[in-house]
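For the record, the sequence lines run as chains A and B. Just so we're aligned: the first sequence equals residues 1 to 184 in my numbering. Just so we're aligned: the second sequence equals residues 1 to 162 in my numbering.
Quick caveat, the hints were computed from the structure, so don't treat them as lab data. Backbone N, C-alpha and C fix where the C-beta goes; we use that ideal spot for every residue, glycine too. Be a bit skeptical, because a hint or two may be false.
The calculated DSS-like cross-link candidates involving lysine-lysine, where the alpha carbons are at most 27 Å apart (straight line), are [as the list claims (entries may be wrong)]: (1) A:K87 / B:K67; (2) A:K178 / B:K62; (3) A:K61 / A:K11; (4) B:K23 / B:K7; (5) A:K70 / A:K87; (6) A:K70 / B:K17; (7) A:K178 / B:K67; (8) B:K2 / B:K23; (9) A:K59 / B:K62; (10) B:K17 / B:K2; (11) A:K61 / B:K67; (12) B:K23 / A:K70; (13) A:K11 / B:K2; (14) B:K2 / A:K178; (15) A:K11 / B:K62; (16) A:K11 / A:K59; (17) A:K59 / A:K87; (18) B:K7 / B:K17; (19) A:K70 / A:K11; (20) A:K70 / B:K2; (21) A:K70 / A:K59; (22) A:K59 / B:K17.
Rough simulated footprint, nothing fancy, chain A against chain B, three-plus residues with beta-carbon under 8 Å [unchecked claim]: (23) 10-18; (24) 31-41; (25) 56-69.
Calculated from the model, a selection of chain B residues having no Cβ within reach of chain A, i.e. all distances over 10 Å [said to hold, decoys possible]: (26) C3; (27) R24; (28) G25; (29) L48; (30) R53; (31) L72; (32) A102; (33) G104; (34) L114.
So you can see what is in the structure, the chains are spelled out below.
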Amino acid sequence: MVDNDEALIQKAADGDRAAFESLYRAHAGFVYNVAVRIVRHTEDAEEVTQEVFLTLYRKLKTFRFGSSLKTWIYRVTSNEALSFLRKRSGSDKRRVSEEILERVPSSERLDQGLIQADKKAAVASLLENLNPNQRACLVLREMEGLSYAEIAHTLSVNVNTVRTWLKRARENLMDQQKAAPHEV
Amino acid sequence: MKCENAKDLLLTDYQDKELSGEKRGELEGHLTSCSGCRAFLRQAQEALAVSFRDLPRLEPPKELWSKIEARLDEESARGPFWEDLKERVAAIWPRKTLWVPALGLAASLIAVGLWRQPTLQPVAKTETPPELGVLTGWPEETAQAPAEESDEYGTPIEEYFL
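Chain B extracted, bound-state conformation (with noise of 0.2 Å):
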């Protein structure tokens, strides 16, 4: 075992016991003939035993559930059509400050065209060559969303993990 994936496991599975039994005895046959790991793992473990179960739990305000019961309230009054709709127009267009922009846009735009009349002439169809279509298809692999910054492919641990 290299020490990379031996100090990624002491930081991950090892400290979460979530190693399966094989895995946890390479890394323990690891960390006998390894003093830089051995000394790595005394570091992690006191640096992290900082005790976040010893947080205090908050308790939320007393006035949430009237403030909740309000909202339902309300929303009751409006029907679930309106919270639907509302929540239909959200997913489509999150941000509504672009609203004011995107009307003024596409009023600008109509009256220009308006304005200019372009008269119509007869365009002669051009087909496009077959090899051409396939040039300007979307490679299907960059049709995914890209991975989220560097957090999730290609790091080491994922390499050893997969």
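Only chain A is shown next, with the shape it has when bound in the complex (with noise of 0.2 Å):
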């Protein structure tokens, strides 16, 4: 597990460009699967994770050891995340699922057959229709799995505000498929 691996975190904050690479190696994964969530285009995501890699190579001198590299880097990951869409309200909602799916590794793809395939586009549609905020507390929460407590150290807000969002994501889930139970 490279998460906190102090030396090679000191070596890519010295400018170790290997070191740096390593880290990119071992998180971009993740980065690029919670940017997705959240911006719902794998061309924003793109650029998301880009930026994402950028700042923690700005700011990695300021890292503090006693803390999780992978926490910092899904805060930093949302941040540029909601901060994107914020720049970006209020253009082009569509494109998504299909163009999600698409990029399901070839492997996957031949082992899930159509309806799984329809299932997961229902799933990626039902996110798409949250507010920014409650499909990163969603994300966050249901498929990387943070603690409440995680969850609002990562958006910079209080364990109740993630309550919230959360519940407020959930009833929107329930209305959803009240609307069209047959999708899911």
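Got two chains here, each in a separate frame; can you build the complex from them with the hints?
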């Protein structure tokens, strides 16, 4: 596990490009996945991921070794993704699930049947209809398995705000499924 | 326990196994005596059985690292000072598009000021009475940033936990 490999982080903070690339290889996967689920478009998620790693490279010197690097990266990723959405608010809300499914690794696509693929597209589209804060909360909880305290730290809000956002996200999911029960 | 509080917990802490033993006991006690909340729990469990964890994990594109490396090279060539300055300016004035109209407005104000060339006359200095100073002071609580939408404060779920 590369998380909190102090020597590697220190090297990367000192400008060692190979060490930074190792950190990228270890963390790019979850950064990209969280970004995709929050910003909803793969191209936008690439842009967010790029900005996340540039920010990390610039600020790695300020990282405190007592804390978890992964938690810090979650925080930078959520901030970048939500700030990206604020800048782009009101722009195109379409292209999504199908585009996301196209990026599924080919081995996985071969394994999954068409019904399964439809189901996943429907689940992805449920997420699309939430507001960005609710979506970020749900992604961090349901997909990344973070606790309420970790989500609160990541999104810089208090734990009760996390509860409120999750509650509203789930009420929204229930309403969406009442409206279209056959889809998921 | 009120049904409203019970439903909030069923959608959050109960669902995510974040509930303490005491509150869990209280909630389960309420569920045994309230058919409405039991029905709500069944409905929630069905609707939220959607498995987000089963969504495909996507692979970042192979060329992404090369793009990041190129940006890092660009930044190294410019030196850290430039990036630091850019970040500081962006933090003060994040919207670049405002620069042009703002500079235009500033130039117009200077031009109008020069054209009118007002005659300067001594103005008698008036002192604000101390009681008016209090009235013009900004109350401390209103100086804080407003809560984001209605999402953050005053909801029943927050009142319950607070």
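Okay, the hints, checked on the actual structure:
1. A:K87 / B:K67: holds (22 Å)
2. A:K178 / B:K62: Cα-Cα ~40 Å, so violated.
3. A:K61 / A:K11: Holds, because 10 Å separates the two Cα atoms, which is no more than 27 Å.
4. B:K23 / B:K7: With a Cα-Cα distance of about 13 Å, the restraint between B:K23 and B:K7 holds, given a limit of 27 Å.
5. A:K70 / A:K87: Given pair A:K70, A:K87 holds - Cα atoms ~26 Å apart, limit 27 Å.
6. A:K70 / B:K17: holds (23 Å)
7. A:K178 / B:K67: violated (44 Å)
8. B:K2 / B:K23: Distance of about 13 Å is within 27 Å: holds.
9. A:K59 / B:K62: Holds, because 24 Å separates the two Cα atoms, which is no more than 27 Å.
10. B:K17 / B:K2: Roughly 20 Å separates the two Cα atoms, so the pair holds.
11. A:K61 / B:K67: Holds. A:K61 to B:K67 sits at ~22 Å (cutoff 27 Å).
12. B:K23 / A:K70: Violated, at roughly 31 Å.
13. A:K11 / B:K2: violated (56 Å)
14. B:K2 / A:K178: holds (25 Å)
15. A:K11 / B:K62: Holds, at about 24 Å.
16. A:K11 / A:K59: Holds, at about 13 Å.
17. A:K59 / A:K87: Roughly 22 Å separates the two Cα atoms, so the pair holds.
18. B:K7 / B:K17: holds (15 Å)
19. A:K70 / A:K11: holds (17 Å)
20. A:K70 / B:K2: violated (39 Å)
21. A:K70 / A:K59: holds (14 Å)
22. A:K59 / B:K17: violated (35 Å)
23. 10-18: holds (count 6)
24. 31-41: violated (count 0)
25. 56-69: As far as the region 56-69 of chain B goes, the hint holds, because 11 residues have Cβ atoms under 8 Å from chain A.
26. C3: For B:C3, whose nearest Cβ neighbour in chain A is about 15 Å away, the distance exceeds 10 Å, so it holds.
27. R24: holds (15 Å)
28. G25: Fine: 19 Å to the nearest Cβ keeps B:G25 off the interface.
29. L48: violated (6 Å)
30. R53: Violated: least Cβ distance 6 Å, not greater than 10 Å.
31. L72: With a cut-off of 10 Å, B:L72 comes too close to chain A, as the shortest Cβ separation is near 6 Å.
32. A102: holds (19 Å)
33. G104: holds (23 Å)
34. L114: holds (38 Å)
In this structure, the earlier hints numbered 2, 7, 12, 13, 20, 22, 24, 29, 30 and 31 are contradicted, and the remaining ones agree with it.
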